[in-house]
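Asks: One-letter residues, chain by chain:
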Amino acid sequence: MYKILYKRELAAGIWEMRIEAPRVARAALPGQFVIVRADEHGERIPLTIADYDPQEGWVTIVTQAIGVSTRKIVALEEGESLIDFAGPLGRPSDFVKEPIEELRKRRFLFVAGGVGTAPVYPQVKWLSERGVECEVIIGAKTKDMLIFTERMSAVAKVHIATDDGSEGFKGMVTALIRELIDGGEKYDEAVAIGPMIMMKFVTLTTRECNLKTTVSLNALMVDGTGMCGACRVTVGGRTRFTCVDGPEFDAFEVDFDEAMRRQGMYRTQEERANAIAAERAAGHKCRIGLDK
Amino acid sequence: MANKIARVACREQDPKVRATNFEEVCYGYNLEEAQLEASRCLNCKNPRCVAQCPVSISIPEFIGHVLKGELQAAADTIARDSSLPSVCGRVCPQESQCEGACILGIKGEPVAIGKLERFVGDWKIENGRKEEQLPEQNGHRVAIIGSGPSGLACAGDLAKMGYEVRVFEALHKVGGVLVYGIPEFRLPKERIVAREIDSLRRLGVVFETDTIAGRTVTVDSLLDEEGYDAVFIGSGAGLPRFMGIEGENLNGVVSANEFLTRANLMHAYDEEYDTPIYVGRRVVVVGGGNVAMDAVRTAKRLGAEATIVYRRSEVELPARVEEVHHAKEEGIEFRMLTNPIEVVGTDKGWVRAIRCVEMELGEPDESGRRSPVVKEGSEFEIECDVVIMALGTSPNPLIAATTDGLETNRRGCIVADDEGRTSREGVFAGGDIVTGAATVILAMGAGRRAAKAIDEYVKSKA
Numbered sequence: 001m002y003k004i005l006y007k008r009e010l011a012a013g014i015w016e017m018r019i020e021a022p023r024v025a026r027a028a029l030p031g032q033f034v035i036v037r038a039d040e041h042g043e044r045i046p047l048t049i050a051d052y053d054p055q056e057g058w059v060t061i062v063t064q065a066i067g068v069s070t071r072k073i074v075a076l077e078e079g080e081s082l083i084d085f086a087g088p089l090g091r092p093s094d095f096v097k098e099p100i101e102e103l104r105k106r107r108f109l110f111v112a113g114g115v116g117t118a119p120v121y122p123q124v125k126w127l128s129e130r131g132v133e134c135e136v137i138i139g140a141k142t143k144d145m146l147i148f149t150e151r152m153s154a155v156a157k158v159h160i161a162t163d164d165g166s167e168g169f170k171g172m173v174t175a176l177i178r179e180l181i182d183g184g185e186k187y188d189e190a191v192a193i194g195p196m197i198m199m200k201f202v203t204l205t206t207r208e209c210n211l212k213t214t215v216s217l218n219a220l221m222v223d224g225t226g227m228c229g230a231c232r233v234t235v236g237g238r239t240r241f242t243c244v245d246g247p248e249f250d251a252f253e254v255d256f257d258e259a260m261r262r263q264g265m266y267r268t269q270e271e272r273a274n275a276i277a278a279e280r281a282a283g284h285k286c287r288i289g290l291d292k
Numbered sequence: 001m002a003n004k005i006a007r008v009a010c011r012e013q014d015p016k017v018r019a020t021n022f023e024e025v026c027y028g029y030n031l032e033e034a035q036l037e038a039s040r041c042l043n044c045k046n047p048r049c050v051a052q053c054p055v056s057i058s059i060p061e062f063i064g065h066v067l068k069g070e071l072q073a074a075a076d077t078i079a080r081d082s083s084l085p086s087v088c089g090r091v092c093p094q095e096s097q098c099e100g101a102c103i104l105g106i107k108g109e110p111v112a113i114g115k116l117e118r119f120v121g122d123w124k125i126e127n128g129r130k131e132e133q134l135p136e137q138n139g140h141r142v143a144i145i146g147s148g149p150s151g152l153a154c155a156g157d158l159a160k161m162g163y164e165v166r167v168f169e170a171l172h173k174v175g176g177v178l179v180y181g182i183p184e185f186r187l188p189k190e191r192i193v194a195r196e197i198d199s200l201r202r203l204g205v206v207f208e209t210d211t212i213a214g215r216t217v218t219v220d221s222l223l224d225e226e227g228y229d230a231v232f233i234g235s236g237a238g239l240p241r242f243m244g245i246e247g248e249n250l251n252g253v254v255s256a257n258e259f260l261t262r263a264n265l266m267h268a269y270d271e272e273y274d275t276p277i278y279v280g281r282r283v284v285v286v287g288g289g290n291v292a293m294d295a296v297r298t299a300k301r302l303g304a305e306a307t308i309v310y311r312r313s314e315v316e317l318p319a320r321v322e323e324v325h326h327a328k329e330e331g332i333e334f335r336m337l338t339n340p341i342e343v344v345g346t347d348k349g350w351v352r353a354i355r356c357v358e359m360e361l362g363e364p365d366e367s368g369r370r371s372p373v374v375k376e377g378s379e380f381e382i383e384c385d386v387v388i389m390a391l392g393t394s395p396n397p398l399i400a401a402t403t404d405g406l407e408t409n410r411r412g413c414i415v416a417d418d419e420g421r422t423s424r425e426g427v428f429a430g431g432d433i434v435t436g437a438a439t440v441i442l443a444m445g446a447g448r449r450a451a452k453a454i455d456e457y458v459k460s461k462a
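Residue numbers (the numbering used here), protein chains in the order written: chain B, 1 to 292; chain H, 1 to 462.
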């Protein structure tokens with residue numbers, strides 16, 4: 001059992017939870033994820049690591065409640081426990097293995113979208129602690145959906161983009177990338193983490209700008225350790241497993257359309273489960289047996 | 001004198017009924033049936049069955065005890081060589097091992113050694129002598145990676161020798177392939193697997209789930225930081241193989257590992273559980289091994305029309321004869337000498353059909369099986385909405401990649417000798433991670449031999 005030490009709603013439906021998991025905290029590196037299960041009947045859900053402290057033995061996750069399983073996770077309170085918290089999984093970000101002197105010669109542009117802002121944070125923090133220069137674009141639909149802006153500002157220069165212009169740049173992150181580059185900013189590489197559709201369009205933009213880009217894919221998974229192959233993605237024309245070969249890949253090589261389609265593999269079942277859960281929550285008892 | 005009667009049939013669930021549920025197919029013998037079957041054994045001077053058993057169980061001896069109703073003695077006899085009789089009695093390919101060598105099989109039916117082993121194993125779980133007290137501790141600690149057959153066997157033997165044993169399991173449930181792979185209808189999880197594991201807990205073995213070797217811990221961190229005297233790696237089969245044909249990443253194509261893990265480990269067939277499973281109306285399973293049979297029969301139970309597609313002929317099917325027989329009884333369609341060349345999708349990217357070619361058998365290849373050759377112009381499609389690939393696995397590179405000096409072979413398997421010694425001192429390995437995908441009994445045997453070698457190693461260092 002993995003105790004929830006701390007829990008807070010960052011934006012509507014987006015929750016930060018600090019989990020007691022000493023072994024995971026000790027081994028975690030930027031770029032990795034965990035598999036979480038809320039209770040005995042729960043799904044194994046992959047979630048990227050948002051922060052960790054090896055000394056204090058905790059790991060932070062950020063969950064957006066969108067389905068039955070994610071809602072179960074965020075419904076747990078401080079002091080309660082997740083039944084499973086396995087990790088760290090996946091390969092750490094490539095830069096972790098590079099010599100610091102090399103990294104210091106480079107400028108990184110991170111592009112974070114929605115809940116994807118959370119996993120960007122440990123990467124930026126890791127680099128900034130080692131004196132590597134990073135800039136971060138945080139994008140969201142509207143001001144109220146922005147997360148991690150303060151702590152990100154503490155470790156990097158942050159640019160905000162909102163679709164409705166309620167804070168910072170008005171428009172998509174892609175337009176802001178263009179504006180920064182056209183304005184004379186020079187970056188050596190970009191890292192984009194967010195919804196698959198955002199990563200696809202960021203990649204189209206950075207490709208035009210000839211800016212090497214890494215993306216972190218949030219494919220469907222069951223075990224997360226290489227056993228099931230549910231997380232297959234096509235990268236550079238080859239089938240790769242997101243859980244063991246990724247989750248980070250060279251963005252220019254990723255087949256985003258296929259990856260997005262594959263994310264929808266269980267959508268019908270998920271929608272059905274959501275509908276049943278909503279009916280139950282409303283106190284409705286199904287009389288035609290849909291909840292059986 | 002041996003009783004010259006026909007092999008005692010084992011009671012089974014009616015095929016039509018069982019094709020809609022997940023309860024065990026075979027009910028097993030009761031005492032009367034077991035004794036009757038045991039009376040058929042010739043008690044050969046030179047028992048060929050023992051020679052063909054991968055762990056050399058004293059088969060005529062335990063059968064002799066069954067005949068006399070001495071079930072504890074029968075259990076003790078088996079226990080000298082096997083730690084999982086209830087499991088192996090159910091999942092061993094007896095027809096190519098013990099029963100395949102039985103003299104009675106030459107003219108008639110061999111003794112039902114597997115069913116008798118299962119009977120003794122199940123009796124032991126229910127009624128057997130329980131270890132009352134923990135074995136005396138010898139002060140040494142061994143870490144076991146993986147809680148499948150090899151890890152469980154290794155853990156059990158070491159615990160009995162007095163070692164403090166901790167088993168690290170990557171998944172949330174203990175048992176490895178016995179839990180995520182082999183379905184409930186072939187190997188009951190609570191009644192059999194969980195109780196075999198409980199018996200190890202009573203011996204003092206501690207299980208730590210959610211711990212991925214190579215990520216959460218490493219072989220080196222276990223040896224250097226956590227102070228284990230030795231590590232046994234029994235991490236199992238690994239990454240599912242795909243064919244490399246067009247359309248394999250369409251929605252609706254899954255590995256047998258994924259399909260079975262969703263059904264078995266995650267209970268996706270049970271509405272109480274949240275994990276989804278996609279079955280569709282018509283499922284095609286590609287492959288002919290036990291995993292293919294498990295997948296196709298699971299799909300059938302979930303309401304699909306289910307078909308096996310295999311590129312060789314029926315005699316070459318690597319699955320246990322009993323599984324093929326049961327699958328046919330349950331209404332599974334078998335399309336032999338058929339090889340997929342493409343998965344065909346809808347314009348939305350979902351599986352619509354599988355395109356295949358017919359094969360004919362040519363000359364025997366190096367494995368001795370006649371290799372299939374494509375019949376020219378024989379292309380055709382089978383309409384389906386799910387394709388399950390059951391083509392075996394390749395080793396998970398995680399542990400080898402994170403352990404310096406651990407030698408692997410060309411196929412990526414960890415190199416270990418017969419006693420499980422690897423190229424790293426104090427590091428032992430056994431089961432599928434060494435041999436590639438094999439059987440429960442071979443993995444269990446490897447785990448037990450490694451336990452002996454670990455004991456010798458630790459004592460030599462002490």
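Hints may contain errors.
Claimed, not checked - Residues of chain H clear of chain B, computed beta-carbon distances all greater than 12 Å:
id : residue
1  : Glu-61
2  : Asp-76
3  : Ala-79
4  : Glu-109
5  : Leu-134
6  : Glu-360
Claimed, not checked - Just a few of them, taken from the derived set where beta-carbon distance is under 10 Å, the chain H residues facing chain B:
id : residue
7  : Gln-72
8  : Pro-188
9  : Asp-198
10 : Ser-199
11 : Leu-203
12 : Val-206
13 : His-267
14 : Tyr-269
15 : Glu-271
16 : Trp-350
17 : Met-389
It is worth saying that the hints were derived from the structure and are not from the lab.
Cβ coordinates follow ideal geometry from the N, Cα and C atoms, glycine included.
Asks: Now look at each hint and say whether the structure bears it out.
Replies: Results of checking the hints against the structure:
no.: 1; hint: Glu-61; in the structure: holds (39 Å)
no.: 2; hint: Asp-76; in the structure: holds (36 Å)
no.: 3; hint: Ala-79; in the structure: holds (31 Å)
no.: 4; hint: Glu-109; in the structure: holds (38 Å)
no.: 5; hint: Leu-134; in the structure: holds (25 Å)
no.: 6; hint: Glu-360; in the structure: holds (30 Å)
no.: 7; hint: Gln-72; in the structure: violated (36 Å)
no.: 8; hint: Pro-188; in the structure: violated (19 Å)
no.: 9; hint: Asp-198; in the structure: violated (18 Å)
no.: 10; hint: Ser-199; in the structure: violated (23 Å)
no.: 11; hint: Leu-203; in the structure: violated (24 Å)
no.: 12; hint: Val-206; in the structure: violated (15 Å)
no.: 13; hint: His-267; in the structure: holds (8 Å)
no.: 14; hint: Tyr-269; in the structure: violated (12 Å)
no.: 15; hint: Glu-271; in the structure: holds (6 Å)
no.: 16; hint: Trp-350; in the structure: holds (9 Å)
no.: 17; hint: Met-389; in the structure: holds (8 Å)
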